[in-house]
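Peer 1: Residue strings, one per chain:
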Amino acid sequence: METEVKDQLVSIEKPQLIAPPNWEPVIMGILCNWCSYAGSDLTGTSRIQYPPNIRIIRVPCSSRVDPWFLIKSLQTTADGVLVSGCHPGDCHYISGNYYARRRFLVTKKLLNFVGFHEDRIQFSWVSAAEGPKFAKVVNKVTEDIKKLGPLHLYKKENFEK
Amino acid sequence: MLCKVDKVIQETPDIRTYRLKFREEGMMEKFTYLPGQFVEFSLLGSGECTFCIASSATRLGYFDCSIKKAGVVTADMHLSLEEGDEVGIRGPFGNWFPLEELKGKNLLFIGGGIGLAPLRSLIQYCIDNRNDYKDFTILYGARTSDGMCYKDEIREWQDNKSLKVVLTIDQPEETWTTNVGVVPKILEEVVMPVIENTKVITCGPPIMIKYTIQSLVKLGFADKDIITTLEMKMQCGLGKCGRCNIGSTYVCKDGPVFTNEQLKSLPDEF
Amino acid sequence: MSVETFVTDKAGLHKFYEAVMASRETYAPVEKFGKFDFKRVTRLTECDPESPIATTQSIKPLFFPRSAKVMKYLATSAGTEVSEVDEDPLAVKRVILGAKHCDARSLQVLDKVYNWDYIDTDYQKRRENTVIISTRCDQAGTHCFCTSLDYDVENLDAMDVVIVNGADGKIYIKARTPKGENFLTELNTEYRILNIESQMSEEDKYGEMKKQYESFTGSFRLKMDYKEVNAKLSKIFDTPEFENVSGNCVSCNTCAFVCPTCHCFKISDEKVKDTGVRYKSYDSCNNGYFTLMAGGHNPRPVKYRRWRQRAMHKFVYYKERFGENLCVGCGKCTIACPVNISIFEVVNQVSSAAMQE
Amino acid sequence: MNYTKQIQEIAAKLFAEGKIDVFVGYRMNGFDDNQVPVLITGPQEVSRLVFTDKSVFNLVNYLKTDHTRRKRVGLVVKGCDSRSLNLMLTESQVKRENLYVVGICCEGVVDDAGRKMQNCTECMVPDAVVSDELLGTPSNIGLQPYAVNPDIAVLAEKPLPERAAYFEEVFENCIRCNACRHSCPLCYCAKCCIDQETATLYNGANTTSGAFHALMTWSLHLAGRCVDCRNCEKACPSHLPLHLLHKQNESVIYENFQEHLAGVIPGDRGAFYKYSMQDPDDFIM
Chain Z
12 METEVKDQLV
22 SIEKPQLIAP
32 PNWEPVIMGI
42 LCNWCSYAGS
52 DLTGTSRIQY
62 PPNIRIIRVP
72 CSSRVDPWFL
82 IKSLQTTADG
92 VLVSGCHPGD
102 CHYISGNYYA
112 RRRFLVTKKL
122 LNFVGFHEDR
132 IQFSWVSAAE
142 GPKFAKVVNK
152 VTEDIKKLGP
162 LHLYKKENFE
172 K
Chain E
117 MLCKVDKVIQ
127 ETPDIRTYRL
137 KFREEGMMEK
147 FTYLPGQFVE
157 FSLLGSGECT
167 FCIASSATRL
177 GYFDCSIKKA
187 GVVTADMHLS
197 LEEGDEVGIR
207 GPFGNWFPLE
217 ELKGKNLLFI
227 GGGIGLAPLR
237 SLIQYCIDNR
247 NDYKDFTILY
257 GARTSDGMCY
267 KDEIREWQDN
277 KSLKVVLTID
287 QPEETWTTNV
297 GVVPKILEEV
307 VMPVIENTKV
317 ITCGPPIMIK
327 YTIQSLVKLG
337 FADKDIITTL
347 EMKMQCGLGK
357 CGRCNIGSTY
367 VCKDGPVFTN
377 EQLKSLPDEF
Chain W
15 MSVETFVTDK
25 AGLHKFYEAV
35 MASRETYAPV
45 EKFGKFDFKR
55 VTRLTECDPE
65 SPIATTQSIK
75 PLFFPRSAKV
85 MKYLATSAGT
95 EVSEVDEDPL
105 AVKRVILGAK
115 HCDARSLQVL
125 DKVYNWDYID
135 TDYQKRRENT
145 VIISTRCDQA
155 GTHCFCTSLD
165 YDVENLDAMD
175 VVIVNGADGK
185 IYIKARTPKG
195 ENFLTELNTE
205 YRILNIESQM
215 SEEDKYGEMK
225 KQYESFTGSF
235 RLKMDYKEVN
245 AKLSKIFDTP
255 EFENVSGNCV
265 SCNTCAFVCP
275 TCHCFKISDE
285 KVKDTGVRYK
295 SYDSCNNGYF
305 TLMAGGHNPR
315 PVKYRRWRQR
325 AMHKFVYYKE
335 RFGENLCVGC
345 GKCTIACPVN
355 ISIFEVVNQV
365 SSAAMQE
Chain V
40 MNYTKQIQEI
50 AAKLFAEGKI
60 DVFVGYRMNG
70 FDDNQVPVLI
80 TGPQEVSRLV
90 FTDKSVFNLV
100 NYLKTDHTRR
110 KRVGLVVKGC
120 DSRSLNLMLT
130 ESQVKRENLY
140 VVGICCEGVV
150 DDAGRKMQNC
160 TECMVPDAVV
170 SDELLGTPSN
180 IGLQPYAVNP
190 DIAVLAEKPL
200 PERAAYFEEV
210 FENCIRCNAC
220 RHSCPLCYCA
230 KCCIDQETAT
240 LYNGANTTSG
250 AFHALMTWSL
260 HLAGRCVDCR
270 NCEKACPSHL
280 PLHLLHKQNE
290 SVIYENFQEH
300 LAGVIPGDRG
310 AFYKYSMQDP
320 DDFIM
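Residue numbers (the working numbering), protein chains in the order written: chain Z, 12 to 172; chain E, 117 to 386; chain W, 15 to 371; chain V, 40 to 324.
It cannot be assumed that every hint is accurate.
[As the list claims (entries may be wrong)] Here are the computed lysine-lysine pairs in the DSSO-like style, where the Cα-Cα straight-line distance is at most 30 Å:
hint : chain 1 : residue 1 : chain 2 : residue 2
1    : W       : Lys46     : E       : Lys380
2    : V       : Lys110    : E       : Lys184
3    : W       : Lys46     : V       : Lys110
4    : W       : Lys237    : V       : Lys273
5    : Z       : Lys120    : W       : Lys249
6    : V       : Lys110    : Z       : Lys120
7    : V       : Lys197    : Z       : Lys151
8    : W       : Lys46     : V       : Lys155
9    : V       : Lys273    : W       : Lys53
10   : W       : Lys249    : E       : Lys380
[To be verified] Take a look, some chain Z residues computed to stay more than 10 Å from chain V by CB distance:
hint : residue
11   : Ala49
12   : Asp77
13   : Pro78
14   : Gly126
15   : Ala139
The hints are simulated quantities; they were obtained by calculation from the structure and are not laboratory data.
C-beta: ideal position from N, C-alpha, C; glycine also.
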């Protein structure tokens with residue numbers, strides 16, 4: 012049996028048009044290996060609480076993040092994306108995050124242009140020493156996305172009211 | 117149909133043989149196939165792939181598929197498909213070797229690399245019905261001695277007095293004592309087959325098939341006595357998706373077994 | 015008892031359309047971004063069933079969707095669960111309004127491939143549940159050549175009901191198949207009040223329709239003899255002319271995606287964590303990866319080989335196998351093609367050039 | 040704007056001197072007054088070449104096919120085409136010494152209906168920036184102040200849900216034939232990242248969200264490189280307004296990095312290949 016595909020997401024996740032009471036967002040966290048990932052480690056080792064909604068992927072550098080990673084994660088399961096790298100000037104590869112910064116801005120604006128709320132895609136600079144900052148960032152992103160509700164890509168009823 | 121992987125045999129660094137059993141009891145009896153047919157493997161999450169069955173229905177209870185690491189699905193299989201895992205199977209599809217025609221003939225099998233897999237199915241079948249056939253020669257070539265699959269079985273065949281087994285590798289190696297050279301060369305120089313009343317069954321990489329057929333024709337074999345199995349990208353196995361079209365022929369329905377006579381009538385795409 | 019040809023005028027036709035839309039799920043050409051495509055409609059104002067402009071895609075997606083789920087699965091530690099897709103929209107009875115002759119004909123051609131050997135039940139079900147109402151064109155398009163192909167455009171029985179615009183604003187509605195007759199009898203008969211010619215005999219009506227057909231056939235720019243082309247093409251597999259005609263092809267898949275008879279597909283998996291879906295989606299022989307095998311061997315690595323496959327499959331191979339041309343002469347591929355390569359020109363140019371050698 | 044005669048002469052001369060193997064130009068399509076690209080391999084076909092304001096297609100696209108690879112090619116470029124050629128040269132896709140470029144000082148091309156194309160009314164580089172021979176009078180308009188595309192301006196004013204609904208329709212109408220990608224001169228990758236076969240990344244299904252993924256990724260990979268030749272939009276069988284995505288990126292890049300014309304300066308690699316310390320940082324936490 013096959014059915015015509017209108018919206019593939021519906022089959023993978025059950026469609027819930029209104030956020031159910033216990034809904035928790037899924038946030039894709041793409042962290043650079045040298046600063047933000049170490050920062051998140053520090054958050055853990057210093058026992059600072061942060062929301063468990065974030066799913067972390069480690070990349071060598073924030074400039075490794077191709078825009079289509081963000082698009083793909085929004086297209087499949089994520090309700091929001093957080094990309095984090097080293098502070099400007101601190102890049103392990105000297106200038107990676109400068110390149111990334113340009114790309115992020117254009118990606119963010121384009122996604123906003125086609126109808127995503129700006130808070131769905133967020134960026135941060137977190138260094139290896141900034142454990143508390145990482146917790147704060149994740150807290151903020153989770154709060155923002157909780158406010159926006161679940162992302163049902165191309166399901167008319169629920170697309171970014 | 118879901119199958120359970122019963123046993124994994126690492127034939128060579130990049131070839132694995134999967135011995136499969138059906139998850140449901142009694143399915144094996146319904147799953148009847150003849151040498152030369154193929155099945156669609158589906159590895160969930162990676163996709164579907166076509167493989168020929170490398171064992172004969174005369175060996176009951178299981179069937180084998182030998183898989184070389186080449187594309188995405190096969191790479192995933194080598195990476196993650198282990199004993200006890202499950203795969204989906206559709207099939208069997210395609211036609212089979214003309215078993216009736218082969219009866220009472222001398223048989224010459226020519227295999228190269230992973231191309232021995234479909235032949236193995238027929239060889240097993242023929243060994244199990246040994247009395248139906250006359251002389252029996254197997255010529256098998258591989259790039260290196262490492263690259264030979266079914267090593268244990270080849271040893272068995274070598275011990276079997278009623279078979280003649282000729283092995284060859286492309287490049288000389290220190291430990292290798294027998295023939296060195298590409299298959300067509302060995303065919304002409306070492307095997308020197310009888311032409312009368314002989315059927316040749318060949319399978320291997322496209323380039324090998326091409327030159328083997330050339331030298332077979334040179335030796336004087338008739339086109340209809342040369343049988344080969346073709347490979348072609350397939351996705352449905354049902355004669356629908358149009359991928360395996362060569363001329364008006366669907367390889368998945370009318371093939372994969374063709375005689376050279378039939379091959380000649382097809383457009384020259386290979 | 016056969017339903018007689020119904021004669022009406024513009025107002026009656028609109029009533030008829032409304033009755034159709036009220037009776038069943040209706041699909042009709044809808045304008046979007048300056049082109050027409052078949053979409054689900056509920057009101058006549060939404061669509062234009064008589065649009066003279068050909069739709070970008072044919073009615074093929076309604077029978078063989080662009081992307082269909084074959085199955086889905088859930089892999090857990092306890093084992094793998096494979097399930098078929100649950101919803102079943104195929105049982106719904108549908109009507110297609112405003113299909114052209116070529117669209118309807120394409121289904122007849124596709125039936126051949128879907129009903130040999132393994133029978134595609136989903137396609138079958140969709141076919142059975144769909145009534146096709148077709149309006150005969152008044153004017154041939156720039157790239158149309160349906161009258162030059164191996165089917166009788168005038169008396170085609172691929173559509174269930176045919177609508178013909180006769181002279182003096184008279185419109186003839188005629189059932190062509192038993193399915194169409196049943197549909198017309200079942201239909202709410204309110205629209206029949208507007209019958210304007212109750213005395214006219216069937217022969218006269220047929221004569222009027224014939225007249226319209228003749229003026230339609232007169233408007234064709236492209237004409238060829240398909241028998242000649244078939245015969246010539248089957249002999250010239252190795253002609254270098256294919257390289258010339260395929261020169262400016264950009265190897266996109268557009269022609270196959272909009273073609274009403276192209277039926278090649280690919281199977282692809284998509285997964286998220288433990289769940290996944292297997293899709294069956296369109297594919298095109300003009301795509302470079304179409305025949306690329308896992309080992310890296312590709313029998314058709316270059317453009318002209320792929321074009322040869324396309325042209326030969328349409329005019330030779332399919333004919334050999336199933337007795338029909340795999341082309342209905344709709345010209346959709348030429349319109350959609352970024353560089354306007356016309357299949358008509360390709361086969362004619364190749365066959366005539368090869369004959370000159 | 041009619042350079043038919045000059046181009047025919049140049050092509051004939053080049054073939055006579057044995058300087059080229061293929062000449063890429065335009066010919067009449069044979070059924071109306073529009074033109075299609077043509078690849079000419081010998082002097083006997085030179086008379087088919089034309090060039091008028093209907094010569095729309097960007098011929099640089101043909102430099103990535105096997106018909107022209109490792110051959111000496113002559114081709115006709117307009118202003119926007121020459122910019123994409125410049126980028127291809129910068130990105131080492133073609134060798135300059137294999138090319139003979141006939142540059143045109145373009146006065147704008149027209150669409151099927153005879154209206155001047157939107158990108159031509161906005162054009163800031165009408166003269167070919169790469170050429171061995173330049174036809175027409177250079178306009179020398181120099182750098183103009185940047186004006187946001189009117190379509191973008193209109194859409195940007197709209198509230199978010201409306202924009203979302205609009206783009207949903209765009210993505211829904213995409214049939215994923217990839218004509219946009221194949222007609223883009225700057226999409227020369229041997230295998231596109233969207234065609235990856237790994238199931239977690241792959242996006243073969245022909246769905247709305249699949250189209251979203253494909254088009255967005257495609258436009259972001261062209262951001263800072265797009266030369267606004269609109270080959271993609273003309274190729275799209277569904278007539279989707281693909282320029283919106285590119286123009287949006289272009290406007291953001293201009294506003295923030297003051298880089299708006301890709302491929303004008305030889306060796307300039309586009310906005311994403313460089314950076315400045317002063318780039319905006321305020322959107323990052």
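Peer 1: Does each hint fit the structure? Answer for all of them.
Peer 2: Hint by hint, here is what the structure shows:
1. About 50 Å separates the Cα atoms of lysine 46/W and lysine 380/E, which puts this hinted pair outside 30 Å; it is violated.
2. Between lysine 110/V and lysine 184/E the alpha-carbon distance is near 38 Å, which puts this suggested pair outside the 30 Å criterion.
3. Of the pairs offered as hints, the one joining lysine 46/W and lysine 110/V is violated, with about 42 Å between alpha carbons and a cut-off of 30 Å exceeded.
4. Of the pairs offered as hints, the one joining lysine 237/W and lysine 273/V holds, with about 28 Å between alpha carbons and a cut-off of 30 Å not exceeded.
5. Distance restraint check for lysine 120/Z and lysine 249/W: the Cα-Cα separation of roughly 57 Å exceeds the 30 Å cut-off, and the hinted pair is therefore not satisfied.
6. With a C-alpha separation of about 42 Å, the suggested pairing of lysine 110/V with lysine 120/Z is violated against the 30 Å cut-off.
7. Restraint check for lysine 197/V and lysine 151/Z: satisfied, since their Cα atoms lie roughly 27 Å apart, inside the 30 Å limit.
8. About 22 Å separates the Cα atoms of lysine 46/W and lysine 155/V, which keeps this hinted pair within 30 Å; it holds.
9. Annotation: proposed proximity of lysine 273/V to lysine 53/W holds, straight-line Cα distance about 23 Å (limit 30 Å).
10. The hinted pair formed by lysine 249/W and lysine 380/E meets the criterion: a straight-line CA distance of about 14 Å does not exceed 30 Å.
11. Look at alanine 49/Z: its CB is around 17 Å from the nearest CB on chain V, clear of 10 Å, so calling it non-interface holds up.
12. Not every C-beta of chain V lies more than 10 Å from that of aspartate 77/Z, the closest at about 8 Å, which undercuts listing it as non-interface.
13. The Cβ of proline 78/Z does not lie farther than 10 Å from every Cβ of chain V; its closest approach is about 4 Å, which violates its non-interface assignment.
14. Chain V draws glycine 126/Z into its interface by the beta-carbon criterion, the shortest separation being 3 Å against a cut-off of 10 Å.
15. Remark: the non-interface label on alanine 139/Z is consistent with the geometry, its nearest Cβ contact in chain V lying 16 Å away (cut-off 10 Å).
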